[in-house]
Amino acid sequence: MDNKDLIQYILGVSDNAMILGQRLGELCGHGPNLETDIALTNISLDLFGQTRSYLQYAAKLQGGDTTEDDLAYLRKEHEYKNVLLVEQPNTDFAYVIGRQFLFDMYHLLFLQELSNSKDAQLRAIAAKSIKEVKYHVRFSGDWVKRLGDGTQESHDRMQAAIDALWVYTAELFKASATEEFAAQNGIGVALDKIKPEYHARVTELLSEATLTIPENPYFLSGGKQGVHSEHMGFLLSDFQYMQRTYPNMTW
Amino acid sequence: MTAQYAPHIDSELVAILESVSDPEIPVLTVLDLGVIREAILKDNTVHILLTPTYSGCPAMDVISEDLAAAFKAKGLETKIDLVLHPAWSTDWISQAGREKMQAYGIAPPLNETHDKQALLGDARLIACPQCKSTNTKLVSQFGSTACKALFKCEDCLEPFDYFKCLR
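Which chain is which? The protein sequence lines are B and F, in order. Residue 96 is where the first sequence starts when you use our numbering, and the numbers rise one by one after that. Residue 44 is where the second sequence starts when you use our numbering, and the numbers rise one by one after that.
Just so you know, these hints were derived from the structure itself, not from any lab. Any given hint could be a false lead.
Sample of chain B residues with no beta-carbon within 10 angstroms of chain F, all distances over it, derived [what the hints assert, rightly or not]:
1. 171
2. 282
3. 312
When the alpha-carbon atoms are kept at most 25 angstroms apart in a straight line, the in silico DSS-like pairs for lysine-lysine are as follows [to be verified]:
4. F:180 - B:240
5. B:240 - F:195
6. F:175 - F:195
7. F:122 - B:155
Backbone N, C-alpha and C define an ideal beta-carbon position, used for all residues, glycine too.
Turn these sequences into a full structure, and let the hints guide you.
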């Protein structure tokens with residue numbers, strides 16, 4: 096696998112963390128109460144920290160003057176390769192928690208596999224991130240249970256969020272050409288390998304939360320190919336504002 | 044499996060390293076925290092390998108700057124490299140560091156099994172740093188920073204931070 100393919104693979108992985116981190120960051124000061132506000136922004140911080148590790152590595156592989164900031168801020172919409180799930184908006188707290196839980200569960204299983212990668216740096220980043228993501232899963236899983244098995248109102252809204260977000264989960268395991276190539280080379284994660292475990296764990300927790308997975312769902316995908324939902328452009332215009340307005344600014 | 048913390052530090056650098064503290068928990072030095080993997084003096088330059096605690100911890104940038112400033116005051120240059128592997132663990136916080144943390148009002152991390160029982164279950168194992176009672180209750184899994192959880196003591200009623208076990 097040459098550097099170009101490896102960089103593409105790393106960007107796909109880090110874009111998931113980065114775009115979800117941005118979504119959670121939007122909640123800073125807007126969480127339903129102080130504790131959840133702080134928790135969600137702490138998770139955002141973990142995801143941005145992981146993103147920096149990936150992007151510093153990708154920038155180093157790319158060489159020349161490329162920096163982590165160039166890779167984070169200066170791509171066009173179709174050059175971001177995150178899954179559609181993570182760019183979905185903060186519709187209400189149940190959506191925020193549902194999106195988080197459906198991603199966290201995948202993220203943990205994904206990182207556990209990535210920690211066996213043939214690439215030493217990806218292995219190191221994965222091993223470090225696992226420790227953080229374990230806490231994310233606990234947080235989002237607990238809230239899914241609390242809302243699902245709470246009042247009629249919280250149950251209905253949590254179920255509505257799961258119904259709306261479930262359509263994005265198949266994409267997590269639908270390997271792009273880059274992901275398939277990386278997996279064949281022992282660098283990337285074989286996504287079909289973690290799919291059964293994901294479904295088992297999600298089903299178990301949802302049933303504990305008295306929630307159900309929608310029957311006969313249809314699935315949406317495209318993010319991995321850079322074909323994003325209508326929400327992505329708005330997210331990026333916020334995310335890229337400083338670099339677009341003041342090119343090359345640094346903190 | 045957590046790696047052991049066995050840093051390689053030149054003895055003449057220890058005193059200077061001890062003068063640099065964590066910006067969030069100022070009673071802890073970088074040595075107490077266990078983030079210095081290596082510090083070697085070569086041709087007037089101190090080569091440091093630094094390990095981040097949490098990936099996104101903003102304190103790491105400040106610690107790097109503080110290290111550079113501390114050595115500069117002694118006429119030494121610094122070259123700092125971040126190393127991720129093996130990943131930092133709360134096991135690397137020194138015993139002295141744990142005691143200082145407790146005195147500062149932050150409950151130090153328990154071992155992994157007890158940590159899980161306290162954070163996931165309702166086990167009351169974490170001692171309040173104020174009154175030492177273990178009649179304490181989890182308020183939130185994330186406290187003032189990502190590395191801490193928020194607890195409340197049901198005896199003296201004080202809220203406090205608990206430094207979560209990370210390994």
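So, going through the hints one by one against the coordinates:
no.: 1; hint: 171; verdict: holds (26 angstroms)
no.: 2; hint: 282; verdict: holds (16 angstroms)
no.: 3; hint: 312; verdict: holds (31 angstroms)
no.: 4; hint: F:180 - B:240; verdict: holds (19 angstroms)
no.: 5; hint: B:240 - F:195; verdict: holds (23 angstroms)
no.: 6; hint: F:175 - F:195; verdict: holds (12 angstroms)
no.: 7; hint: F:122 - B:155; verdict: holds (18 angstroms)
Violated hints are absent here; each numbered hint is respected by the structure.
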